[in-house]
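Residues per chain, in single letters:
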Amino acid sequence: MRTHVAEPWIEAPLQTFVDDARALFALLLHPNGQVMGQFGFTRAVDVMAACALAAAIHASAGELGRELDGKPFREMYHAGKDRQIFIGDVPTTRHRFVFLTVFDAESSLGLVRIYFQELCALLENAQPPATVQAPISAASLEHDLNRNLAILFGRAPRDSNGSESSISLA
Amino acid sequence: MSDEVRRLSEELARDPSSLVFMQLGEALRRAGQLDLGLKVAHRGLERHAHNADAHDLLARIRVDRGELQEAFDEWDMVLRLAPAHVGARKGMGYVLFKQGKLAEAEKHLSTAATHDRGDSSIATALRMVRRLLRYAHVAGHGNGAPGHAELVAAQRRVEEEARLLFADILGEGEHTALLLNADGLVAAGLYVTADGEDVSQEVGAALTGVRDEALRAVRHLDLGVWKAVVYETELATIALAPAIDESMVLVAAGRSVPLGFVRRVLDRCVQRATTWLEEVA
Amino acid sequence: MSASPFDSILSPLIRQRGVLGCLVVGEADGIIVDSNVQVGIQSNVVAALAAALYRKARLTSAAAGLSTIGFLQLEAEKGHICAIGRDGLVLVTLAEPRAHIGRIRGAMIESLSVLA
Chain A
1 MRTHVAEPWI EAPLQTFVDD ARALFALLLH PNGQVMGQFG FTRAVDVMAA CALAAAIHAS
61 AGELGRELDG KPFREMYHAG KDRQIFIGDV PTTRHRFVFL TVFDAESSLG LVRIYFQELC
121 ALLENAQPPA TVQAPISAAS LEHDLNRNLA ILFGRAPRDS NGSESSISLA
Chain B
1 MSDEVRRLSE ELARDPSSLV FMQLGEALRR AGQLDLGLKV AHRGLERHAH NADAHDLLAR
61 IRVDRGELQE AFDEWDMVLR LAPAHVGARK GMGYVLFKQG KLAEAEKHLS TAATHDRGDS
121 SIATALRMVR RLLRYAHVAG HGNGAPGHAE LVAAQRRVEE EARLLFADIL GEGEHTALLL
181 NADGLVAAGL YVTADGEDVS QEVGAALTGV RDEALRAVRH LDLGVWKAVV YETELATIAL
241 APAIDESMVL VAAGRSVPLG FVRRVLDRCV QRATTWLEEV A
Chain C
1 MSASPFDSIL SPLIRQRGVL GCLVVGEADG IIVDSNVQVG IQSNVVAALA AALYRKARLT
61 SAAAGLSTIG FLQLEAEKGH ICAIGRDGLV LVTLAEPRAH IGRIRGAMIE SLSVLA
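Chains as they are written, first to last, in my numbering: chain A, 1 to 170; chain B, 1 to 281; chain C, 1 to 116.
Please keep in mind that the hints were generated in silico from the structure rather than gathered at the bench.
One or more of the hints may lead you astray.
Unchecked claim - Some chain C residues close to chain A (C-beta under 10 Å, calculated; not the full set): (1) Val25; (2) Ala28; (3) Ile31; (4) Ile32; (5) Gln42; (6) Val45; (7) Leu49; (8) Ala52; (9) Arg55; (10) Leu59.
The C-beta atom is built at its ideal place from N, Cα and C for all residues, glycine as well.
Use the sequences and the hints to build the structure in full.
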């Protein structure tokens, strides 16, 4: 199974992570919940839900870290009975992302952490030059959230200049 | 129903025109649910009749069902849609091999190997077909294309050679050796338990995972090529080492056999396996 | 600060010829419990990968009916990884090709009683 991404430069780093860490699911998103790439999900609605939850957990943990430690918590981990979840902050020089991955006993927290560090380095090296961003409004945020989901699930073309491709998930 | 099959089924039900039917069909095939897989592939092809990978999926399901000719015809369709499709060449080579048409199988596998030099399973299959062809010609004293009797003789000779490949190295000692291909399938050697049961396939399949972990460790720690993994269990010492085409030699010895001796046997078995495989390069 | 409970096994191991680092690692999570490594060794990477290798060997040995696993050695062109485990912990040694594996193996087997 291959990764699906909203922007081409994300594909190779994300695929490398999934292959090396043998992850079951992987999700790269903006802290606002906009999906940038995913592996393992088959439904847009699941990606949308996972993005919203990951963004909320990331924001909450950030605040909790500030309260307790004076700085945001960068990584979070939870071990379930069969599956484990890891959420980490991906700070590149031009973007800030949140990364979520789910894995089982075929991998381990130690492996996920080393490959997560590699993922951060690969994204840093792969990122395109910065472009001027339009101010974010409620309408544009909603549009961006839907646009990337549509691209990932093959309902919208990936435009080369980052301009809108006006496909709704509805 | 596995989580994966359930998720993929739901996705397909929600969007019947989705290409997810290929993932679902493959998941069903791997799970051995061949009738369901066949149904999914057929329905997908109704909407995506010109998708080469969809025909490839159908062919693989057909092969698993033992419908060799139908599989061959499906792969033939794949090649019409995508002439460079390596999977189709490989599949047709396999069908022809099973049908005893070795010369034709060799042609398809050679083409597949040319297109994908990194696929060790093609190289392994090609070596097997070439070896059989050579032995069949010898059995027929080189008089024209080999017939059924020559092919049977060649098959027997290959099986005998494979079974006894390490026999003289191992002697009567308390140890055994296997040559495993890239998929963990036994290519040569024998692993028999104390009560005489042949567990070669089971042991080979189980221990192949160790090779994958060893490869990952040396790659990420920059340790160069892996030479061997040796470990001791309560019952035996296990030694693994790489051979050509991503194959691997496994030696298992009783705990009373000194580690150094096990290592020496392993080296000799790797050398023997390499020579045997390269005979028909 | 008191020495860790594993200091008694790590200190003698790191003094062996050619040893670049030795670590006590959780087998399931690949996380370091204690370590003594030379400068420049990526201990987290060694820990995670060695624990994964040991775990795989242990599980596959059991699946193949070969019973519990003891000492394991991965020999590569540029070095060795040695590991031995007990009760969910793995003692790992990373060594140069010139290292004397026989001595390292002996020291690691002797240390096994401390891993509990």
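Next on the checklist: Need the list of violated hint numbers for this structure, in ascending order.
Outcome noted: No hint contradicted; all consistent.
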